[in-house]
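Number of protein chains: 2
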Amino acid sequence: MSFAELDHLCRRLEALDHAQAMLGVDEAVSMPEGGGEKRAEAMSVLASMAHEMASAPHIADWIAAAEAEDLDAGQRAAVAEFKRGYINRTCLSSQFVARQVNARMRCEQLWRSLRARNDWNDFLPSFENIVALAREEAACRAEVLKLPPYDAMVEQYDPGSRTAEIVRVFADLKSFLKGFIPEALEAQARRRAKRPLKGFAGPFAIDRQKQLGLALMKAVGFDFDHGRLDVSHHPFCGGVPSDVRMTTRYRTDEFLSSLMGILHETGHGLYEQNLPHDLGHWPSTKARGMAMHESQSLFQEMQLSRRPEFWQFALPLARDILGLAGVEVEDMLGHVHHVERGFIRVDADEATYPLHVILRFEIEQDLITGKLAPKDVPDVWDAKMQEYLGLSTAGNYSDGPMQDVHWPSGAFGYFPSYTLGAMMAAQQWAALERAVPDAAVQIERGDFAAINAWRKEHIWSKASMFSTPEIMRRATGEPLNARHFEEHLKRRYLAA
Amino acid sequence: MSFAELDHLCRRLEALDHAQAMLGVDEAVSMPEGGGEKRAEAMSVLASMAHEMASAPHIADWIAAAEAEDLDAGQRAAVAEFKRGYINRTCLSSQFVARQVNARMRCEQLWRSLRARNDWNDFLPSFENIVALAREEAACRAEVLKLPPYDAMVEQYDPGSRTAEIVRVFADLKSFLKGFIPEALEAQARRRAKRPLKGFAGPFAIDRQKQLGLALMKAVGFDFDHGRLDVSHHPFCGGVPSDVRMTTRYRTDEFLSSLMGILHETGHGLYEQNLPHDLGHWPSTKARGMAMHESQSLFQEMQLSRRPEFWQFALPLARDILGLAGVEVEDMLGHVHHVERGFIRVDADEATYPLHVILRFEIEQDLITGKLAPKDVPDVWDAKMQEYLGLSTAGNYSDGPMQDVHWPSGAFGYFPSYTLGAMMAAQQWAALERAVPDAAVQIERGDFAAINAWRKEHIWSKASMFSTPEIMRRATGEPLNARHFEEHLKRRYLAA
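Protein sequences, first through last, are from chains U and X. Read in order, the letters of the first sequence correspond to residues 1 to 496 in this note's numbering. Read in order, the letters of the second sequence correspond to residues 497 to 992 in this note's numbering.
Here chain U is said to cover these stretches of chain X; the calculated rule only asks that three of the stretch's residues, wherever they fall, bring their Cβ under 8 Å from a Cβ of chain U:
no., region
1, 501-513
2, 529-536
3, 540-554
4, 715-729
Okay, derived cross-link-like pairs now, DSS-like style, lysine-lysine, Cα gap no bigger than 25 Å in a straight line:
no., chain 1, residue 1, chain 2, residue 2
5, X, K782, X, K952
6, X, K958, U, K38
7, U, K38, X, K782
8, U, K218, X, K534
9, U, K210, X, K706
10, X, K880, X, K986
Calculated from the structure, these hints are not laboratory results. Everything numeric in this text was worked out from a predicted model, so none of it was measured. From the three backbone atoms N, C-alpha and C, an ideal C-beta is built for every residue, glycine too.
Bound-form chain U, shown alone (with noise of 0.2 Å):
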C-alpha cells in the first residue's frame, strides 16, 4: 500500500502548489499592494509546509516499499521521478537551507539597490558569501547524487544533464559564432542598404494589441477553456497545467515586444496544456526542467513564430487589427530577425545570446569549483565579453555581472538552460521537419495541427518520464548537438 500513500501525498502536495502558483499569479496580476505582506507570509508559511511533508522521513520508507510493489509502467515512472526529487529534497540540512534562503534573500534586496548604484564594492562581500555558501551546497549534493560538485547544482534546473556534454556542444557552438555573428552583422548591413528597416506608425492601442495577441495564442493552439492573457509588470507564464495563466505588458509605442513575448510565453503555456493528465499529481508528469521548457517557449517564438512563414500567415491579421500600413513582411521580418551585440542578455537577440549564456557558464562553473573567486569575477566577464562580443563592461558592473537576478538569488547551473532550451528546438524542428516535410507550409497557412501534434507526441506527452537527454534521443533520434541550430542560424542571418 505505500504506492498509495505517495498517491495521497502527491494529492496533498499538489493542492500546495496550486494554491502557490495561483497566489503567485494573482499577486502579479491583482493584488493591492498592501496585501503584500501578509501574502509573502501566506506563501512562506505554505512553501515550507509543502517542504516539510514532501521531505518527512518516513517518505523514504515508502518509497522503498513501493519499489518493491507490482506497479505498471507509469506507476513505476511516477515513483522513480518522486524519488529523484525526494533525493534533491533531501540532501540539505535544514538548517543549511535556513541559512541560505536568508542569505540569498539578503543578497537579492542587497543587488536591487546596489545594482541601480553601480556599486560593486558594497555587492561583493555578500556575493560572497552566497558563492561560498553555493560552494557548501554543491558540495552536499554531489556527495549525495555521486556527480561532480557543478553537475549536481544543474541537476536542479535540468535532470540528466552532464556539464562534460555542455561543455562539448557549448565549445562547439561558441568557437561557431565567433566567425558568425560578424558575418551575420554584414549580411544585415547588406540587407539594410537594398532595404532600409522601416519604423512602425504608432500608437498602438492596448485593447488593440491584446485582440491580435490572443488571436494569434489561438491560432498557435492555446486552449482559453485551460487558461488566459492578464497584464502584469514582468511577463510570465505561470498557473497550473489545467488553468496556465499567462502575461504580458503592452507599449503603445510599439507592438512586436509584447506580441512576441506573448508567443514564447505561449510556447511555455502549450507544454503545460498538454503534459498527460494520467497520475497528474505525480511529479513525473509535470513538466521536464528549466532547458526543455525553454525549448518550448523557443520552439514557439524562434521556430515558428519568427519564420518568414509565419508572417505571411499573421501579418494580414496584424494589418487588420493594427492598421500597419504599408508593411510587408520583408518589413516585419528586418524587426525579428534583428541582430546586435549588446551587454544585456535578456535584451539579446537568438545569434549574440548564447555567448552571453556562455560567457556565465563558464565563469560559474569556475566559481563553484572555486578556481575563480567572486573579487575576480568583473575582471573576467569583461575579457570574455571583449572575446566573444568585442564589448568592455570595464567598471560598468550593472551591465556587466551585476545584470541578472541568477546569482544574488543563489541559482548557480541555470543559465545553461537558456541555451541548452535554443538549441534542443532547434533539433526538434529539424526532427519535425522530416516527420512533417511541408511543416513550413503549414505555417504560412496558419495550420499549427500536425506541428502541434509532433510536439504533444514526442516532447509534451513525455512530460518527466525520463531525463532531458532521453526526451531529446528518443524525439530527434540523436544526441543534443549544436549542428542544427548553427544551420538554423546560417539559414536565417546570411541571406543576403
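Let chain U serve as the given structure and place chain X on it in line with the hints.
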C-alpha cells in the same frame, strides 16, 4: 509554551485560509471553466488539511495548558475564542461530517435542477435526509455545548445569540410589521400620486458605472491599497482583511442594483479592512459571525446609503459620471425607498425582508425540534406567506420553500442573521447619532470620518473578542431590541 504552539498553528491555519479565500475569489472572477475540476480538487484537499490540522486531538491539551499560562487580556481572549471554535469543530465525528458533506452536495445539486422545474416531490426525499442529518447534528452539538438543539445550530453563525432572545425580538418586529406594511404602502401610493416614479434614461456604460462605484467606495472609506472591485456572476465580498476582494455585476439598462450592491458589499469590506492587526492570525481578531457582518453591510447600505442625505452628496457625483438629466434627490429616493410585497427574499426591500426571515426562522426551528415534518413545509410556508405578506405560494414551490440554497446545503440556524443584522444596524445608528449628533449632516457633506471612527471603535476593533450580544450591549448601551429598527422604518416609509 502552549500558547506558542497554538500561535504557530494559527499561522498555518491562516495561510491555508488565505489560500482558500483567494482561490475562491479567483474562481469567481478569473478562472476559465476548464480549470474548475482541478480547482475543486485543490480546494477540497486544502479544506480537509485545514480541518485535520485544526481538529487534532492534541490541541485540546495545548488549549488547557495555554489557559494555565500567564497571558495578557488579548491572549486570553484569543485562546478563549480558539477554544470555542475548537469545540464547535470537533463536536461532530468525522464519519458523520463525511456523510453530511455527501448528502448536502447531492441535495444542493438536485435543488439546482429541481427548483427550475418546480418539482417538490422529487426534491422531498433528499430534503428529508438533510433534515434528519440536521436533527442529528443539532443533537450532537447540543450535547457538547449544553444548549438547546436549535441554539447549538445558531451558535455556528452567530455566537452567543440565543433562540429565546431571537423569538422575543422577532415577535415584537412581526407584530409591528403586520400593521406597518399596509401603512407604508399607502404612504408610498400617496407620494407617488404627487410625484410619479421617474425611470432612468439608459443605457449606462459599464465603465461609467464602475467609475461611480469606485468613487463612492472611496468616499465611504474603502481602502484600495488593501482591496479592489472586480466583476463576478454572484456579487460577494471575499479575500482576506489585508486584501479585500469585492465583486459586482453590471447591467446597462439600469445602474442602481449594481451600485447599491457595491455599497452593501463595501460595508462587509470596511469591517474586514478594519479588524485589528495584533494577533491577526488568531480567530479572536476575525469578524464576529454572520449577524454582525450583515449588520455592517446593512449599516452601510440601509442606514447610510439609502438616506436622503447620502443622495444629497452622491447625486451630483452620479450626474457628473452617468448623466441622469432631470433626476432629483426625490426621484432617487423613490427608487431606493420602494416597498413591495413579493415572493422572493433576496429581492425584498428592507421593510418586507424581515417577514421572509421570520417565516423561515419559525419553520426551521420546528424542523429541527421535530415539531414539523419536511413534507408539511409547503403548506406551512403558504399559510405563513398569506398571513404575513398576503401572497399564496400554493403549488409554487420554486418561489416558495425551494427558493433558497440554505436548507439544501444544510445551513439551519443561518436565516435569523439577516434580520438580526438589520436590527443591529439600526440600533448602532441610533447609538452613533447620540455620540455624533450631526452624523446625518456629515453624510450630506460626504464626510464619513467620524462615522467610521465610531464604527471602528465600537464594532470593527472588537472583532471576536466578545459574543455578538455583548458587543451590541457595549456599543449601544442596551441589549438588542426591535425598537430602533421600527423607528427607522417609520421615519423612512410613513412620510406622506
